[in-house]
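Construct all of the structure, not just a fragment, from the sequences and the given hints.
So the protein sequences, as listed, match chains C and D. If you're matching positions, the first sequence starts at 1 in our numbering and goes up one per residue. If you're matching positions, the second sequence starts at 455 in our numbering and goes up one per residue.
Incorrect hints may appear among the rest.
As the list claims (entries may be wrong) - Per the computed footprint, the stretches of chain D lying under chain C, defined by three or more beta-carbons under 8 Å from a beta-carbon of chain C, are: (1) 501-508; (2) 532-539; (3) 764-778; (4) 881-890.
None of these hints come from the bench; they were simulated from the model. We treat Cβ as the ideally placed atom computed from N, Cα and C, and that holds for glycine.
Number of protein chains: 2
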Amino acid sequence: MNNHFDILILGGGPAGTRAALDAAGYGAKCALAEPAFFGGTCMNSGCIPTKFLLGGSASLDLAATQQRFKVVLSKPVLDFAALQARKNRFIKGLRVSLQKDLENAGVAVFKGKGQFTGPQSARIGGAGQELTFDKCIAATGSVPAFFPTMKADGANVLSSAGALGLETVPESMIIAGGGPIGLELGEIFHRFGCRVTLVEGMPRLLPAEDEETGAAVEAHFRREGWNIFTDRRIAELNAQDGRAVLRFDDGEELRAARALIAVGRRPASAGLSVEAAGITLNERGFAVCDDALRCSEHVYAAGDLNGRAMLAHAADHQARYAAAHAAGKITGPYAPPPVPACVYGSFEVMRVGPTAAELRKKGGDIGISRAVSASNAIAQSLGHTRGCVRMLWEGDELRGVAAYGGGVSHLVTAAALLLKLGVKKNRPLPILFAHPTLDELLESAIFAAKENIA
Amino acid sequence: MNNHFDILILGGGPAGTRAALDAAGYGAKCALAEPAFFGGTCMNSGCIPTKFLLGGSASLDLAATQQRFKVVLSKPVLDFAALQARKNRFIKGLRVSLQKDLENAGVAVFKGKGQFTGPQSARIGGAGQELTFDKCIAATGSVPAFFPTMKADGANVLSSAGALGLETVPESMIIAGGGPIGLELGEIFHRFGCRVTLVEGMPRLLPAEDEETGAAVEAHFRREGWNIFTDRRIAELNAQDGRAVLRFDDGEELRAARALIAVGRRPASAGLSVEAAGITLNERGFAVCDDALRCSEHVYAAGDLNGRAMLAHAADHQARYAAAHAAGKITGPYAPPPVPACVYGSFEVMRVGPTAAELRKKGGDIGISRAVSASNAIAQSLGHTRGCVRMLWEGDELRGVAAYGGGVSHLVTAAALLLKLGVKKNRPLPILFAHPTLDELLESAIFAAKENIA
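Shown next as structure tokens:
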């Protein structure tokens, strides 16, 4: 049958494209359906464009830091529209190259949204092609979430995708949401002179991280001149007379040229007709999976759709597993290593393993040791003096590494490898750290005094 | 006896101070003699000041790169003298803090140069204190080397220490030596508008690295506008009429406002009266050691003085061993892990493990796999598109990692850890790489096609 595939993949983001390339590599007859752009949120309106804009404007931030030391007399002048255009060209190139990779691998590519019509069948998009499959990997990802009190009009009140598409820098912006998306986008516009107001409903920024991290990040952005509200409820956020207006539940109002809604993301599970395939969604709309990432007998859910870890590299890792499992190459449960996470910009955050709060809940002999950026020559050279690398211990066993401060995203892979190596407190390390490197903060933290926290 | 010490340390650089702090920690009665500044070459006229000047001026380089893309319209303006003053304050602070650490640890500190007077005795400096010791750790380091054809006058023709002390930026500079010191110092002055001419006697820059690396570095700095001569013999380099003049052996002359001699370093073994302690120097003046870093029955040589690996972190590692061995805490030969090495700046170099040429000499099934910076989103965001991470394999076993290009010094610790973990070609990795990170180049290189090179 022409319309039958060994493996059908719904969604062309990090999980879907990885699953398709891997499955094709295993010799499976493979199809992939994507209604919009290859590369998904990560490549088109997430990790990649934000990092491209942060990287392209990094000189502004470095210069601002040295200006405080009177080393920089005047900052560089950047053309925001030129940077946006360069970003758009770069992403377009990535999309084209990804589509070519899929075609070269022999993946049948369908332009359209998939909708299940049975346990082993789906209809694709408007044209209504009917496909049948042995196995399906559903990887439709996620979309920005809005609270009912918030209305994005696409002009004055924007989603992250909308903010990333702006061709000029607004003179002011309200950002609802103090998570990674709000912080990174806020930083981009701040660098170009936009006055940023950040509003977070939880008591601190980055609520998924430890209190210490959230407090350090908040202190940094306050020093940068941001207006920051935490623990405040938004009654209404919408566009009025060509501006964005935010009203708190106590009646206080904020106004700005633009607003960005970055309060989270929800799974793109609507319109999939999951019931036809026997898939259950949880109360938040995520596909419920077994320990082999199967959400039904014949369907796997990989990436944001299953809600396990809404990060591109987690999606990629799940997709590798799902493709291998669907192709019969592996058996056994999905058991990933710790998923690293970073927030990028002038003041970064990095973590591999549990937070201190999570570890404390487990009980036992939990301790923390730390090394401060001010003790590191590379950090000092860049003026990054307020950061900290924190190591979490259970007895003498390293259980997690977290850090905040300038450049700490660069430590994330070494941290993951140290965890994997099974580092023990104060025992000689099996490698030599190069001097001077920011990485030496990891070494210092391993040998620093351990404070008991549970 | 008041003037008898369990362990006497000669030299207050990275090896000497580490040995003193460790030995004191083991409970040894400890003395350290240093004629000049604590922190040695690394802290006072090497790694630290160069990295501080590179870090403090990084915005100039990032802006220059984005200027080529027309994203930056005008570069920042920096005050070189202010940066130098900030660097000097920083280093002064480090020195003071190091001296305090030594005093707090109970180390008796002597200001003066040590000179052996017997197998277990030494005289310190001008005051002529006579000290006796059970064990000595000689860590006198190294000093800039000059060829007999070169004369540094300290005004127009400078050593690296002299160049690092300049308060104004010369309009032009000749640099003799295309190793790490010449490249890093050249980059600092280039960023501030100095026209750099680099002369290397060997056929390529960075002769200790693979040909590919030297060629990539040369191409980069040529694009930056440097005038580069390789494989050329210098007949004479000296000051004439307030300028620096270099004459090649074929008679061609170069002139510049200043010249920097960076042709290497020689051990600071002169004046130590090594013969009194029974120490042998090799033909280049390095102390000849046994496999426990002993250069005589009672004396260890750590750091540059033994010439094994003239890098601060190698000195530190040797000193830890020597202190523990001298204090009777460990036995067995000194067997360090691979010593990582980096060159810093706009186009960096990193290596852990052998070069391809060294590995090829060993024979066997040697291969190389690579990932290019252009494939990495973080590198692209910064405009770092010409770099490459190279993995060296013996059969399926990872033997070395080398890289060149923007930011690759950030990969050095992860590379060392991957080597230590015993990564095998194309086998699943035990960690998850965060996306997007420059570190993903390491992952890509592990899975890239392997080309046989021997």
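Comparing the hints with the structure gives:
Beta-carbon proximity to chain C at under 8 Å applies to 6 residues in the segment 501-508 of chain D; the threshold of 3 is reached and the given coverage holds. Counting residues of the segment 532-539 of chain D whose C-beta lies closer than 8 Å to any C-beta of chain C gives 4; at least three are required, and the coverage claim holds. A stretch counts as covered by a chain when three or more of its residues have a beta carbon under 8 Å from one of that chain; for the segment 764-778 of chain D and chain C the count is 6, and the coverage holds. For the segment 881-890 of chain D, the stated coverage by chain C holds: 7 residues have a C-beta nearer than 8 Å to a C-beta of that chain, and at least 3 were required.
Hint check: no violations occur; every hint is consistent with the structure.
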